[in-house]
Every structure is written in C-alpha cells, then in structure tokens.
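Those protein sequences? They're chains A and B, same order as listed. My numbering runs 331 ahead of the 1-based position in the first sequence. My numbering runs 331 ahead of the 1-based position in the second sequence.
Quick caveat, the hints were computed from the structure, so don't treat them as lab data. Mixed in with the good hints there might be a few duds.
Copies of the same chain look alike in the list, so a pair counts if it fits in one copy or across any two.
Within a straight-line C-alpha distance of at most 20 Å, the following computed DMTMM-like cross-link-like pairs (lysine to aspartate or glutamate) qualify [as the list claims (entries may be wrong)]:
1) Lys396 / Glu624
2) Lys553 / Glu340
3) Lys553 / Asp651
4) Lys396 / Asp337
5) Lys396 / Asp334
6) Lys396 / Glu558
7) Lys553 / Glu382
Number of protein chains: 2
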Amino acid sequence: MTDAPDVGELTPPNRTLMGPGPSDVHPRVLRAMSTPLVGHLDPSFIEIMQEVQDLMRYTFRTDNKWTIPVSGTGSASMEAAIGNLVEPGDTMLVPTNGYFGGRMASMARRAGGEVVEVDAPWGEPLDPADVEDAFETHQPDVFGFVHAETSTGVKQPNVPELTAIAHSHDAYVVADCVTSLGGVELRVDDWDVDVAYSGPQKCLSCPPGASPLTLNDRAMDKVLSRETDPRSWYLDLSLLEGYWGEERAYHHTAPITNVYAIREALRLVAEEGIENRWARHLDVARSLKAGVEAMGLGLNPEPDAWLPSLNAVRVPDGVDDGAAIDYLLEHYDLEIAGGLGDLAGDVFRIGCMGHSAREANVCYLVPALGEALEAQGADVDVDAGLAAMRAEMAE
Amino acid sequence: MTDAPDVGELTPPNRTLMGPGPSDVHPRVLRAMSTPLVGHLDPSFIEIMQEVQDLMRYTFRTDNKWTIPVSGTGSASMEAAIGNLVEPGDTMLVPTNGYFGGRMASMARRAGGEVVEVDAPWGEPLDPADVEDAFETHQPDVFGFVHAETSTGVKQPNVPELTAIAHSHDAYVVADCVTSLGGVELRVDDWDVDVAYSGPQKCLSCPPGASPLTLNDRAMDKVLSRETDPRSWYLDLSLLEGYWGEERAYHHTAPITNVYAIREALRLVAEEGIENRWARHLDVARSLKAGVEAMGLGLNPEPDAWLPSLNAVRVPDGVDDGAAIDYLLEHYDLEIAGGLGDLAGDVFRIGCMGHSAREANVCYLVPALGEALEAQGADVDVDAGLAAMRAEMAE
C-alpha cells in the first residue's frame with residue numbers, strides 16, 4: 332500500500348491557449364470558481380439555475396424551454412442529445428467529414444440505433460444535395476451534422492437548407508455546436524435546429540465541466556414518449572427534466588462550481604452582446620488569417636467553409652508539425668494543435684475562441700509561428716505576415 | 332427571441348454546509364479552482380493526472396492501477412462502474428436498504444443486466460447471512476452494496492465478510508463509497524473490494540465534477556474483455572484507459588479545473604494522513620452525537636451501523652422536519668436535510684464531512700438545531716446538549 336504521496340503546490344505553466352480548446356479563461360470566470368458553494372437544492376441555487384438557463388437561451392438564440400447545462404464535458408452533452416433522441420430501431424444519419432461525425436455514429440450505435448452516412452471529404456462541408464440523396468435512400472429518423480468541426484476547422488454553411496431537408500422527411504436534426512456557440516453565428520430557432528449541444532471551453536472560455544444543451548418541444552416530446560429508458564441513467568433527460576424543470580427534484584448533485592463558472596461566462600456573452608461577439612471573433616480571426624496567408628501559408632477549407640474560431644492552416648512542405656507545435660509550447664508557452672484523422676500532419680489547428688480571440692494573442696502567435704517554421708528551414712515571410720496582420724487590424 | 336438577460340454579479344449566500352453534501356469546501360481547494368488552465372493534453376497536465384492518481388490510490392488504500400477521476404459528479408463514477416462491469420445477460424445483486432441500491436438497480440438494467448435483490452429495511456445494514464442466501468438463490472455475477480448510505484446514515488459493517496461471500500461465488504464486488512471515502516475507514520485492497528466509486532463533494536470537501544473510481548485488475552479484465560461495447564461512450568472505461576493509462580490519447584476534454592480541485596483536496600488528505608482524517612471525522616461526529624442525544628434526540632441506526640459522516644437524527648414527535656430545516660437555513664444560513672424514501676419525515680440528515688467536520692461547525696449546529704425544534708414546541712434540553720457536546724470535545 333502506498334504511503335502518502337508527497338505532491339507539491341499546484342503550479343502549472345502559464346500557457347496562452349490558441350489550440351482547439353480549452354481557450355484562455357476570462358479572469359472573471361476564474362474568480363467565480365473560487366466562490367464558496369451552496370447546496371444543489373438551495374433556494375439560492377435554484378435562482379442561479381434559472382439565470383443560467385436564461386443566459387444560455389440567449390446565447391443559443393432560442394426560446395427552447397429545455398435548455399440546460401449537462402453535468403460533464405462536451406461529449407456528455409453530445410451523448411445526452413444522441414442517447415436520448417435515438418431509440419433502439421431508429422436510424423441516424425451522420426457525416427463522415429470529420430472526427431465528430433464518427434463519434435456521433437458510435438454514440439448512436441450504443442443507443443441501439445442503426446447508423447447510415449452522408450459522405451464528404453475531411454476538410455469540406457456537407458453538400459445539401461448529398462444530404463437529400465441520403466434521406467431519399469435511407470429515410471433516417473435523426474440527422475446529425477457538425478456546425479463547426481473542431482477536427483478540420485470547417486464551418487457548415489447552409490444550415491437552414493439542411494434542416495429543411497430533414498424536416499421534409501420528418502426527421503429530427505441534431506447539431507454539434509461545440510466550437511461555434513458564443514463565437515460564430517448560430518441561430519437555433521431561426522435555423523430550425525431541433526437539438527443543439529456545445530462545450531463551455533471553446534468560444535465561451537469557461538473551464539469544461541457543465542455543457543450546454545437545448546432541445547425544442549418537438550424533440551423533447553420524442554424523448555419523453557420513448558418506449559424504453561435511455562441507456563444512461565446519468566444523462567437521462569426525462570430524469571434531468573425533474574431537476575431543471577419546474578419540480579426542481581433531486582436527480583444527481585449538480586457540479587455547482589461549474590454552474591457558477593458558466594453563469595459568469597454566459598454573463599460576459601450577454602454584456603458583450605451575442606452579435607458583437609460573433610463580429611469580434613470574425614475580426615480577430617481575419618487578422619490571424621491575413622497574417623498566416625501573407626507569410627505564405629494557406630488555410631485548408633474553402634472560403635465559404637472557413638471557421639473563424641478554429642483555423643486549419645496547412646503545414647508547409649518539409650515541416651514536421653509536431654516539432655513546430657513543441658517549439659511554440661517550449662519557447663512561447665503557446666498552445667496550438669495538429670490535425671486529426673485524414674488531416675493528421677497536414678494542418679495546424681489554431682483556435683481563436685472566446686477570451687483567446689484577442690488581437691494581443693494574434694500579435695503574439697503570428698511571429699512565433701513564423702519563427703517555429705523558420706527553425707525547421709521553411710520558407711516563410713514573417714515580416715509580410717506581420718504587416719498584413721496589422722493592416723487587417725487597422726481596418 | 333430573448334434579449335440579453337440582465338443578470339447581476341454572483342453573490343450566493345454564505346452557507347454552512349452540514350447536509351448530505353456538498354460539504355464546505357476548503358479555502359485551498361477554492362483557490363486551486365481559480366488557477367488558469369492548461370490544455371488537457373499538455374505535458375504539465377499529464378504530470379498532474381499522475382499526481383491525482385497517486386493521491387487517489389492513497390486515499391482509497393489501494394494499489395489499483397485503474398484509479399481515476401471520472402468526468403462528472405458521483406453518479407457518473409457510479410454509472411461508469413456499473414455500466415462497464417455489467418454486461419447484457421449478467422445478473423447484479425443490489426440492496427434494498429436505501430436510495431442508492433435502487434439507483435444501482437436502474438443503472439444495471441439500463442446496462443442490459445438482470446437485477447436481483449437482497450433485502451434489509453431502510454436504516455439498517457445488510458446481514459451477511461441474507462447476502463449468502465441471495466447468492467445461493469440467484470448466483471449473481473456482480474454484487475453491489477453501499478458502504479455509507481447517504482440516504483439513511485447507515486454504515487455497512489462487515490465489509491470483508493460480504494466480499495468473501497461474493498468471491499466464493501466468483502462474483503465481482505462494487506462498493507458505493509460516496510459518503511465514506513476520505514472520512515470513514517475504507518480499505519479497498521485489504522477488504523478485497525473489486526470496484527469502488529465515490530464523489531468529491533462529501534468527505535473530500537471538493538466541489539462536484541470529477542469523481543473517484545478504482546478497479547482492480549480482475550474487474551478491469553472483465554471490462555476489457557466485454558463482447559459488446561458499454562452503452563455509454565462518455566463513460567466507456569476501455570476508451571478512458573487510453574487517456575488515463577500509458578498512452579495518454581485524447582478521448583474527451585477532461586474537466587481541467589475539477590482535476591485541479593480534486594488534486595488539492597486529495598493533497599489535504601495526504602497532509603493530514605488518511606487514518607488521522609478518519610479519526611477526526613469520528614471525534615467530531617461523536618461530539619455532534621453526544622450533543623443531540625443529550626438534547627433528547629435519538630440517532631436512527633443501531634450503534635454498529637452509525638455513520639459518522641452522515642448522522643440520521645430522529646425527528647421528535649410533532650415536529651415538521653421541513654419547517655425546522657427552513658428555520659436553520661433562514662436564521663443561521665445552515666444547511667441540513669430531511670430523510671428520503673422510507674425515512675422521509677422521520678430523520679434529519681446531518682453531515683459531518685471533510686472541511687465541515689470541525690468542532691466549530693458542531694458548536695454552531697447543536698444549539699441552532701435545538702432552537703429550531705423549540706420554535707415548534709418540541710421538548711428539547713439545549714443546555715444539556717451543549718454540556719454533553721463540550722464534555723465530549725474535552726475528552
């Protein structure tokens with residue numbers, strides 16, 4: 332048996348987080364997390380729950396009653412969405428154009444569903460015509476798509492077109508908004524999205540642990556009229572409804588501190604204004620894009636699929652992406668990430684999310700990235716990159 | 332669509348938490364939660380993960396390699412245990428003597444298992460003879476019991492006797508240690524417990540959000556040789572093994588801040604020493620017990636099943652438990668709770684956990700509880716209670 336381990340004070344390095352998440356947390360959110368706890372059934376906590384729900388509706392652009400933070404990280408809100416909506420025997424249509432479509436498939440199968448696919452290459456969005464074809468062929472009950480693909484830096488355009496196709500086939504739409512909520516235009520009600528989920532550690536700049544989920548009445552009616560229980564007790568929305576709905580009955584102990592944190596993070600969204608916040612992300616990411624392009628690097632997605640919150644920058648020939656990433660961490664305490672799956676080794680993933688979506692961070696990153704690439708002998712023009720970045724900032 | 336909600340600064344009331352959890356959080360743990368984040372794959376975070384695992388092994392009194400914080404509150408570690416260990420077709424034996432045996436049953440059924448029961452009244456522990464009989468009758472594959480029943484304030488004695496019965500029938504043992512870990516004697520290895528789970532917000536005095544789980548090799552071998560995937564992707568231990576094991580591969584984004592918090596909470600356990608900590612809980616709870624008994628109130632469980640971390644105090648005749656609980660919250664900012672299930676209305680549940688297990692809290696609670704009962708006309712002797720409490724403290 333082990334003796335008491337001798338573990339010192341917590342002193343992690345002081346990173347600048349410009350990877351695919353977590354992003355830098357706003358100081359006000361960090362401060363909220365050191366607030367002493369009240370009980371999860373305390374009358375004062377019930378009030379806090381209502382405030383969080385109101386703020387979350389505002390951020391999702393929805394009036395959905397069923398709008399809650401799920402007690403876990405983004406994959407928990409994802410599994411809450413899929414595991415409750417997909418019943419044994421249902422068919423779910425998922426995309427193949429990134430890592431998270433594959434995760435949707437795995438969750439749908441575990442829920443007892445059949446999985447069918449609509450194809451697009453990694454790094455490209457879905458084509459509505461392909462979605463229409465897939466509906467004609469498979470008649471799925473549930474259609475999942477990724478609004479902002481964290482693995483590829485691709486934004487799905489044409490969302491209302493996709494939801495219209497699904498609804499004309501009486502299907503339910505689930506949107507992965509992990510890397511868009513609070514940073515990239517997202518309109519759950521106007522776009523007719525039935526279920527949307529997200530994570531807090533991306534454009535909301537909140538530590539992971541309580542993850543946004545919203546369902547409209549149509550989706551919640553399906554969930555509440557299931558013939559069999561969802562396969563997870565922890566994520567069973569019919570039980571969570573008792574806690575987050577009018578009854579406020581005990582289900583599980585809510586992650587109180589994470590609820591405090593997301594309250595503060597969403598309050599910052601409300602103070603800034605959601606449309607201003609989308610505009611800030613776009614502005615800052617444009618400077619980043621201008622800088623890396625003028626250095627001679629290309630962005631991977633086509634312009635209409637560019638995702639400002641996560642920039643997939645092509646790795647120059649001859650450069651070892653892992654070595655460049657390590658260089659930035661070692662010399663600059665700066666986190667970016669490499670590609671996944673079909674794009675492994677081909678792209679850097681550079682986040683521009685929430686409190687990290689600041690000109691100061693871009694000014695820090697662009698020359699540092701140039702230096703890291705030059706250290707490997709890549710032919711990049713750092714001065715041109717800086718000039719273009721600053722010109723874009725001055726616009 | 333809603334306009335930006337006008338939500339003010341976070342100012343919850345300053346409660347003293349003496350209910351069934353959360354308990355008062357230690358100031359050092361609160362401070363750790365305001366630490367800026369590093370990424371969940373950062374080399375410095377890998378080191379933090381190892382430290383947390385070491386400290387958690389120490390606290391569970393185990394050398395189990397598979398000892399991790401699950402990314403959710405206590406029910407998530409519970410479902411990780413049951414949902415991975417129970418395969419479709421397996422039979423799980425669960426107790427009926429409290430709320431959490433029922434939750435075990437629900438999780439086992441959702442995992443595809445059959446459920447059989449061993450009976451004991453709410454407020455009493457299991458009798459090993461009944462467990463033996465249930466094994467003879469049902470031959471279950473998995474046996475779950477609750478070491479410290481949060482709903483009834485009952486400690487299960489004779490744990491090594493129960494595990495010996497299960498192992499003589501080749502079954503696996505799962506122990507609910509939510510309200511014992513870090514506060515009440517618990518020896519996972521010496522007692523031959525195969526799987527144990529807990530929550531952080533009880534005797535560890537850490538905000539909920541990352542929950543301790545440990546499995547021995549025998550249990551993990553069963554999990555890793557399942558014929559079908561566990562029904563939750565989020566809680567799939569074969570996938571979590573990739574992240575918390577040697578590979579450190581991405582599964583989901585860990586709740587970084589909650590990992591910081593539990594590291595600090597477990598570090599406080601190591602500094603105090605686990606046996607000293609058990610002794611402190613016992614000492615402080617003895618003073619609480621002496622005080623309420625001398626006031627004329629009884630503790631519900633028999634002495635050998637008394638759970639120092641959660642004291643089930645019988646509600647005097649004629650007293651409305653809810654009114655007394657509200658009185659304490661309103662006049663003293665003091666949280667205690669009522670009974671659940673078969674004990675609803677019959678007991679108060681008064682926690683004595685972690686940073687709340689302090690003489691100062693007991694000195695605050697005993698006369699306040701007396702006053703709340705007197706306000707309803709109950710015949711309690713507060714002076715005698717205080718005298719007995721102080722005499723016990725002086726021992």
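| query | Given a CA cutoff of 20 Å, do Lys553 and Asp651 count as a within-copy pair, a between-copy pair, both, or neither? | reply | neither (49 Å within a copy, 40 Å between copies)
| message | As a check of your reading, is Lys553 near Glu340 (CA-CA no more than 20 Å) within one copy, between copies, both or neither? | response | Neither: 49 Å inside a copy, 37 Å across copies.
| Given a CA cutoff of 20 Å, do Lys396 and Asp334 count as a within-copy pair, a between-copy pair, both, or neither? | Between copies only: 15 Å across, 51 Å inside.
| Can you tell me if Lys396 and Glu624 fall within 20 Å by alpha carbon in one copy, between copies, both or neither? | For Lys396 and Glu624, the Cα distance exceeds 20 Å both inside one copy (44 Å) and across copies (47 Å).
| request: State whether the alpha carbon distance between Lys396 and Asp337 is at most 20 Å within one copy, between copies, both, or neither. | output: between (49 Å within a copy, 18 Å between copies)
| message | I want to check one pair: Lys396 and Glu558. Are their C-alpha atoms no more than 20 Å apart within a copy, between two copies, both, or neither? | response | Neither: 23 Å inside a chain and 40 Å across chains, both beyond 20 Å.
| query | With identical chains treated as interchangeable, where does the CA-CA distance between Lys553 and Glu382 reach 20 Å or less: within a copy, between copies, both, or neither? | reply | neither (26 Å within a copy, 44 Å between copies)
Hints 1, 2, 3, 6, 7, counting from the list given before, are not met by this structure.
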